[in-house]
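Number of protein chains: 2
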Amino acid sequence: MRTIEWREDGTVITVNQLKLPNETEFLELRTCDDVAEAIKTMKIRGAPLLGAAAAYALALTAHHSKGKDKAALIRELEVAAEKLRKTRPTGVNLFWAVNRILGKAYTFNGDARETAAMIVEEAKKIADEDAAANRAIGRHGASLLEDGDTILTHCNAGALATVEYGTALGVVRAAVEQGKKISVIATETRPKLQGARLTTYELKRDGIPVKLISDTMVGYVMYKRMVNKVIVGADRIVQDAVINKIGTYQIAVLAKEHDIPFYVAAPKSTFDLTHTSAEVTIEERGPEEVLYIGIERIAPEGVAVLNPAFDITPLKYVTAIICEEGILYREDLSSLSRTAEKK
Amino acid sequence: MRTIEWREDGTVITVNQLKLPNETEFLELRTCDDVAEAIKTMKIRGAPLLGAAAAYALALTAHHSKGKDKAALIRELEVAAEKLRKTRPTGVNLFWAVNRILGKAYTFNGDARETAAMIVEEAKKIADEDAAANRAIGRHGASLLEDGDTILTHCNAGALATVEYGTALGVVRAAVEQGKKISVIATETRPKLQGARLTTYELKRDGIPVKLISDTMVGYVMYKRMVNKVIVGADRIVQDAVINKIGTYQIAVLAKEHDIPFYVAAPKSTFDLTHTSAEVTIEERGPEEVLYIGIERIAPEGVAVLNPAFDITPLKYVTAIICEEGILYREDLSSLSRTAEKK
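Heads up: the sequence lines are chains H and U, in that order.
Heads up: the first sequence begins at 255 in the working numbering, then just goes up one per residue.
Heads up: the second sequence begins at 255 in the working numbering, then just goes up one per residue.
A hint or two may mislead.
As the list claims (entries may be wrong) - Covered, in the sense of this in silico footprint (three residues per stretch, anywhere, with C-beta under 8 Å from a C-beta of chain U), are these stretches of chain H:
1. 330 to 341
2. 473 to 481
3. 554 to 565
Worth flagging that the hints you see were computed from the coordinates, not collected in a lab.
By construction, the Cβ of each residue, glycine as well, lies at the ideal position given by its N, Cα and C atoms.
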């Protein structure tokens with residue numbers, strides 16, 4: 255099944271990623287508030303998945319709307335959109351999906367009922383497009399991988415971070431489907447451990463060899479030439495940088511120091527080429543994520559904590575970006591940025 | 255009190271570092287086997303502390319020996335030495351202390367009882383010298399720190415890693431004692447979390463401001479110019495590299511990329527200048543350290559793991575080494591290496 259699905263009874267089904275891999279708990283989301291809560295608490299996460307989730311959240315609002323006319327529906331959607339925009343500030347796909355749905359709603363010719371139906375269809379289309387984009391990213395990216403490669407990846411840019419298949423892990427999957435022998439080194443990705451909990455889980459399920467390392471071991475495995483390429487996902491790609499899960503930047507610096515290619519795999523819904531990294535808010539999450547692992551407290555009472563959820567990787571550390579349209583090198587991205595700015 | 259102490263009833267007292275900061279459990283070690291077990295399981299850790307601990311382990315063997323003559327005592331000491339050498343292969347202070355005690359025992363003129371008494375005194379001397387070395391390291395290193403500096407440190411190179419005061423944290427303490435305002439950023443240091451559990455605990459107790467970060471956040475805090483200097487300890491300093499807790503190497507690479515000075519603070523008992531990094535065994539520890547945090551399993555069953563306990567930082571990333579004799583730059587170390595090789 256997909257990571258997120260619309261059911262015709264007007265609910266959205268997804269899996270609680272906080273409980274993986276020990277427990278597979280499905281979440282039945284009925285309202286935009288349900289979705290917003292799941293996003294904030296990271297029961298669902300992954301920039302492309304959050305795009306689809308936000309679209310479905312507006313679909314839930316529209317589908318269950320009791321607004322008498324289109325104007326009332328639009329007001330409800332605007333309130334819902336505002337709630338969604340306040341969940342997590344850094345990843346751009348959520349904002350992109352919200353704006354796309356709202357834009358369609360504003361310009362659509364039809365009454366409230368017809369508009370609601372259109373929004374549900376548009377949300378499904380966003381999800382379908384993400385699934386298709388991941389397959390295309392996989393196809394393009396697989397051409398970069400050689401038989402026998404070991405790929406280091408960070409966090410989870412897999413099926414669980416998207417509607418299905420995955421971005422960084424989609425590239426690995428596509429290469430494996432082509433018959434290449436690929437193995438993966440997954441960083442555990444503190445503080446939320448998405449690499450340990452989700453990436454190893456996905457890869458093991460698919461029978462792709464994976465080794466788990468602590469985040470402290472990245473330099474060592476590169477120094478020992480145990481890694482051929484790095485592939486990560488992205489939460490937002492701006493003119494000058496890739497913004498992704500905290501820890502990405504240091505892996506990129508290390509890859510450059512060891513002459514290891516550093517690839518970013520992301521759909522175009524992750525691109526935000528009218529902005530620069532200085533304009534992006536880096537989400538700072540609560541200290542308890544760093545201070546606790548599960549129920550285990552790892553530091554004394556009263557210790558101050560930093561907990562930025564993302565970091566900024568300047569493009570000079572990025573070998574190429576793999577999107578559904580192909581492989582983009584720095585010069586391609588500059589030209590895309592110029593085009594985006596003119597719009 | 256000191257981290258490790260000899261009691262005249264022939265026991266050694268130390269603290270179980272696995273239980274800090276939540277619980278202060280004192281360990282009463284009565285035999286060399288007790289000490290070896292505490293070292294293997296990391297109840298005690300930190301290269302300089304393990305030097306003192308190994309010396310005291312031989313002192314326990316000698317003190318409680320029932321050997322009839324010196325030859326019998328020597329045989330007991332050799333068996334004990336072999337047990338100690340098999341505990342942890344990477345840090346050199348343990349080997350250094352064992353060899354120093356054995357060397358003294360071989361050349362000492364006296365009967366079994368007198369030799370045993372000499373060994374106890376020599377072990378105490380090793381501990382006293384470590385305490386004095388740490389104070390001297392602090393004095394020398396403090397001259398490198400400026401009022402207002404924020405120091406990033408990794409793992410725990412504090413009082414708990416030594417007999418008292420600490421190496422890297424000794425430098426911080428000495429600067430604070432000089433009236434400089436210093437704050438610290440401590441990495442949590444997965445997998446064993448010595449930074450989260452021990453460094454924050456020591457610094458909080460001393461009233462030195464400390465912020466805890468996940469190991470993924472090092473690049474970010476450097477990118478944001480939140481760090482002025484890095485100071486770490488060492489488990490072994492060879493001709494071409496510093497060998498220290500896993501994660502040190504990547505911090506050194508990041509420091510260089512951000513033009514942040516990277517200092518190593520270690521007593522001369524950590525120096526092993528007749529060897530190169532290629533000749534050192536990097537201890538690979540069990541997978542459960544990565545797979546579990548406390549009782550919490552963080553990855554699915556059957557996932558493979560890498561768990562090197564140390565990494566290798568080539569000297570080109572090291573700004574200087576602070577030892578009890580002063581501040582050594584790369585050229586000083588080369589000249590020391592040449593002298594060591596000639597011996």
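Structure-based check of all given hints:
1. 330 to 341: violated (count 0)
2. 473 to 481: Coverage by chain U holds for the region 473 to 481 of chain H (4 residues, Cβ < 8 Å).
3. 554 to 565: As far as the region 554 to 565 of chain H goes, the hint holds, because 9 residues have Cβ atoms under 8 Å from chain U.
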